[in-house]
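Student: Here are the chains, one letter per residue:
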Amino acid sequence: MLPADCSRRLVAELRDALDACAERQRQLERSLRVSRRLLRTWEPAETPAPQPTPAPETSGEAPSPESTPSSQDLKELELLTQALEKAVRVRKGISKTGERHKALSLKSGSAATSATTASAPSRPSGQASCRVSETKPPRGIQQTVVPARGLPECRLLSVGDRTRMGRGSRATKPGPGPRDQQIPPSAARQAPEAFTLKEKGILLRLPMAYRKAASRNSRLWAQLSSPQTSDSMDAAATAKTQFLQKMQMTSGGPGSGLSAAAVEAEVGLLRTACLLLRRRMEEVLSADPADCMQEYRCLLTLEGLQAITEQCLHRLQELRAVVGQQLGPWPVGRRPGASLPCGGGTDPLWSPQLLLYSSTQELQTLEALRLRLAMLDQQIHLEKVLMAELLPLVGTQGPHWLALCRAVHSLLCEGGERFLTVLRDEPAD
Amino acid sequence: MPAHWTEETALKGRGHRSLGRRWRRVSTRWVIGRGPSRDGTGAVIGRWDPAAAARNPRKVSASCMGRRRRRVDRGAAVGALPEAIAALSRTLPAGPSPEIFRRAKFDRPEAAPALWQLLFRVLSPLSANGASASPAQEAQVRVVKSELHSQGYPRRALAQLPEDGSQGSRELLLALAWLLARGPLLERLLAQTRVRLGDEIPLCECEALARPGPPVPRVEADGPVDIRHLQWLMGKLRFRWRKLITSQQEQCALLGKIHSYTRGCHSDRSLGHLSVAETELLRDAEGGQQLLRRLESENVRLEAALRWRRQELVFWRWMDTVLGTCPPEASQPTFVPWIPERGAGEWELVARELQALREELRGAAEPRRAAWEARVGGWGPEWSAVQRASREAVGLELAALQRAWEQGGAAAQPHGPCRLVKSDAGASEGPGLRAAQVIEVLRSREACLEAVLCQLQRQCRQELARLAGALPGLIWILPPGR
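Chains as they are written, first to last, in our numbering: chain A, 656 to 1084; chain B, 3 to 484.
Looking at chain B on its own, in the form it has when it is part of the complex (with noise of 0.2 Å):
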């Protein structure tokens, strides 16, 4: 019997029904353990393996058996990929049964709407935490659709499934598992229901940018309107940012005080004080329980998560499996990515700055190369090996600034949400950042960010100095004082 064949057969044993004999027509061509081994640990396969015996000692009695050993092993490796898918689905939010996943092998449509599910919840988990009740389920996959075709994903079949979600569950557990061995996805949703226990603060934007938020229902302006509604809206929304401000300044006063107030509570001594979390779960019980429930479920899926990164490795075996059952896709024209209005709008903004800067270079350059030229004309040949000298120095410099951006340069900076916790000036070791560090990097953000809008405003003005000086016999005041 191959060897998978038990494996889903004990992924059965976690379900209700039976599955009848249908799955005695699966395809024998992916076998775990047969065939050249793809790497070096074969602890699940049961190979004699001396680092693995190592490991595992459990199994090394079992793989001396000789004509038993393969019936024995695969005893072993039937109960891990149950296990393993078990602790999948803990980790992910709203994760099916591991008998929906063997289901979903067989193309099994009742495993269908689960998993459209699962994706959903997966690929947008914002909405989920924020919306009352899920959208239907024709939203839902097309949700699901668009967001896995912007990020990329291969498969052509998945576009083609019927949006009422019936159908479809082989080609799901593939996206799945496409979504999963392309990063660290289990991580990333963990961190984002993360539960907060300390007062934070994120020091770069990056969720917020994440976080789009409710979306607000809103009239569309659809007429043309003056460009006095314009100005109406830069005041207002000038007046806003000095609200949020005074009322931010209020927060951390108050922050400040409860810090100093339950100093020496908590039971963490590198913490000290207690947070606004804390003191509410001593204030009001019956959040506080909530809070722990919360808390705790968050354990279980931390510890799931950390189960599924030790065992992962059956499920890797097993979706090799699953991409061998499907038909191979007849070879596609390439398709090409697309770009959302507001992405276009984003390009054009792109090009037209680079091809400003790109006009100002060249304003720049070319009267210097011409002055350079007729100065240096007729100089003699020692002036060929500085000249190179310099070539190469300023090409280490710009090859340099080329590499700030390439590489993302924000490494350096600050990144992530921080737990704000009070203590005495004195602290200079100990873990942690020091707000006065950060003040000092944020201001000098906060000068470069101020260049670049006085740049523009600049550049604003002179084209308009320009366009003005087009019609005579009017004189232009500008403002007092700057």
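One chain only, chain A, in its complex shape (with noise of 0.2 Å):
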């Protein structure tokens, strides 16, 4: 067993090198549910069953679609079938135009309709816009068709209160005639031809509004992003300057001129440092000193290394002796920011910039990397808690001391994964 507040220490590293995992799978898996649902099936958001009264709202999700029919529902729905049975009987004398001219509609509907959005009819059920074109496009050769297509738009629109129009779903009627006419009463209930992302992804179109708003937030960011210099933020610069030093000197004299966050800033480049130094160190050791010059250099260079390394921990001591006891009247609070790595203040991109993958391995691969570098990085912070804290216990020899020997060996050389065998060598005799 190890001692108590090594082992409170070392589980709560480990619980919080948990928790962020946790964390992360958690957003992966919020992100995941969304682009599962995309690719599926797009569904009526709302009952496919169409309901003459709004009903009252439970959860906010959609309602089953098991309801059973009441006979107004039943009513409503032989209507619906006979709308659309007349619909294809209509459309099929317009059917000898030929398929290619109904994808061509489709397109052109949609192109119309992004045009016409803002005068589209108000629906009952509010929508902003139907993608594909619920307005009459136009195109000379789809009038007729049109009408036929608008009658069970209407009839499914005025039914249903809360129906939700799939995106493209009811528009694409003018589809393949048969399906139509086999509508059983259960499957009028749903559009006769569902949207799918990978059949019809082409054909969405985003609605004017959000269009609008999101042009106008990029230019916004934009302009908040340029660095502007003009003679107001000049002297806007400098007001503040003195406003900084005034306060400072109103507040009784400077005081140590360092804070928390500046302390642990520079507790930070100093990580930094002492990983370049090493690097550049191994750099030296390993490389093999051809002449005497070379020599020279390899002992300067780390008699360098030597002198900086004093001047880091010097600094560190310095840092160290500022930081004092928490005095006065200051509440202990919980930083929960670790210094960042990045060095953050140097610039940074308010809004983001544009990355092009061009394959699904090539994403794959980046992702990959990344979690992998979050990986690596918790690994290297742990094995130095882990050194931190399992070391000064094998040194000092206990109780078991083999077993430990034993994990700690596998827990820090080996990341956890592999064991070493210890032999007792007795002598054969």
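It is possible that part of the hints are untrue.
Listed next, the in silico DSS-like pairs over lysine-lysine satisfying Cα-Cα at most 30 Å (straight line) [said to hold, decoys possible]:
{"id": "1", "chain 1": "A", "residue 1": "K747", "chain 2": "A", "residue 2": "K730"}
{"id": "2", "chain 1": "A", "residue 1": "K730", "chain 2": "A", "residue 2": "K741"}
{"id": "3", "chain 1": "A", "residue 1": "K853", "chain 2": "A", "residue 2": "K747"}
{"id": "4", "chain 1": "A", "residue 1": "K1039", "chain 2": "B", "residue 2": "K238"}
{"id": "5", "chain 1": "A", "residue 1": "K867", "chain 2": "A", "residue 2": "K853"}
{"id": "6", "chain 1": "B", "residue 1": "K245", "chain 2": "A", "residue 2": "K1039"}
{"id": "7", "chain 1": "B", "residue 1": "K259", "chain 2": "B", "residue 2": "K245"}
{"id": "8", "chain 1": "B", "residue 1": "K238", "chain 2": "A", "residue 2": "K867"}
{"id": "9", "chain 1": "B", "residue 1": "K259", "chain 2": "A", "residue 2": "K853"}
{"id": "10", "chain 1": "A", "residue 1": "K853", "chain 2": "B", "residue 2": "K245"}
Hints are computed from structural coordinates only; laboratory data are not their basis.
Take the two lone chains, each set in its own frame, and fit them into one complex as the hints suggest.
Tutor: Following this line, the structure appears as structure tokens:
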């Protein structure tokens, strides 16, 4: 058994690491749910069974599609079926024009829709817009088709207050004819053709309101991020520095000059320094000096590195001396922020830049690398913490020392994945 | 009438109650417009300034008018301060009305709660986002005080304010101004709550570190644990990472599909396809409305921020007067910052590493120096010139090395979140990073980190071998193959 305070610290560290991982997993699950739902067939968001009166909002989720239809519903379904059959009949006369026009109409319809979205009649469900056309497309050849298409649309709309139209599904009624004929009452509840992103994704168009807002948003962010230099800006900057100085002076003289945040930042810098120094040292030690001069340079480099390390240690001691015990009326708070390794103060970008990838494999490699880096960061941190706590324990020989040694070796040297074997060397006699 | 009185009257007009006659007793030491000008613009003050006149022709005629000049310009200046404050509070989350600001200058108690809440939202925006209800007043007050202290807020008067949040509005106003003056506070707040329209991938872990996530309630293991418990936790961690990586791969595949299925749908040609958020907007109209509303309110805030930038000079001048109304603090013993336990642990680790490094360097350098001295002892003076040259060269190298960390040398690395865009492999121009390049950078970083980890493990192995060697009569068989 490990001593209590050591256990507490180590368990806390490992639990922190586990929590961080779990948090990432949670966020990822959320995104996965959304993405999977998008790639499935898009159900109408509310119940497929048209309700004459708005159903009371219980949980905001779509009511179950298994709600038993009342007699009124059945009557309306009858009407619906009749209307659809009529549409099929009318359309059969026009279906000679062929499939290709239908495909064209969808595209042109969508182009027209995006232009006329603003003027589209307001629907009972109050949709912002419907992607594929429900308004009459201007194409002449579709004029005759439209009334037929419009009729079942209106029916569906009036019947279903809360029925949300699937994005492109309803209007793709000029689809294969036979399918419309065999709409059983239960299936009439659903769209005749379900909308999937795979087949109809390219037909989607963003609503005008969103496009305007998004472009305004990016323009404003660009304005905000661009470094502006004008007289008024400089004057403001000067005023700010003067204000800060005055505040410092009225608060009873200069303080220690360092805040806790600044101290943490410096400690982080020294950690990076240690890393870089060590890397250089290893480079020098592994290089094989070919001649006297190179040997001399190696020597000088090592001594120089030593001097810099001394300076860093000295600075660290200074920081330690500055940081005292918590005194005075300031309350103790928990500062969760570790020092940022990136030095985020250097001109941060407030709005994201683009990252172009060409294939799914590339994206997967990128993400895998990113996660691996995060994992390595965490492993290195844990390694240091474990080293600091466990090695002293091995140094003092207590009971079960061998087992402890073996376990510590596996944790520290093999990442907990492999174990070594210890054999007692008995003289054979 | 001193200039600032009228502007406070203008602020008063923005609120509902009149304050009575208290404002007459305000000290008149700080008056905008009198005294030497601190900068060249003076556009607000109304002195005749050709540059300002060129920028603001409306005021030219006013400043020409002799005796009426000051009053008219004061009229112009009077509107500017409430506008500036209104722009500021619109940009801030939970921003109070300009009337609150005016009352805070006179340290009115009714202005204090709103300002405590504002500072709380500003200083800990993450908890405000995640928590369903903001914490109690005392908790807010404590968080604000400790956060300000750790950032180095110089005035002690803040610490002495009561925890029920009923007083100290002037001090809070000064604290807010201090935060605004120190850095790009507004931009940072806006960026944190930015509406994400695209599929984003963070390239560095800054944000992940800055967002610790909701604290998980956890039962502390107080007793001593067996080392097998630690092994179990490590195994659990390894498993979670594996699961995370596979989930991430699945998400990438789905993203790739969504991006290619919606090719050509985006109005913005440089993006080309829809993102998950945008496709979701199309699928679920109610969610889409919410997104649109959030986007529009963010636009409002951004415009307010830009307005603030243009008008903030007036605010700083006014803040000078606020500072003037405070009694000067008695000179205090310099207080020291403190680092919580976690920071102290960090400090220990770094100290230990540096000390270990120093020992290794000493162990490497000293024998070499001795050997060198022994060899070179009798060599002639022509060597000294060569030696000096070497010394200089090495000095330059080491100085460059030192700069690498002092300047936070990560400026060259890609930083911040990026919006993913799927495009054909042929696009080599145009803005944005290319995934192939980023992959290269990440691979080199990975190699560095792996080297570090290997080196640490090697250190451990050596140390353990040394300790184990103390016990003879045992054979240690290392695990097979790496």
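Student: Please list, smallest to largest, the hint numbers that this structure does not respect.
Tutor: Number 8 - this is the single hint that the structure violates.
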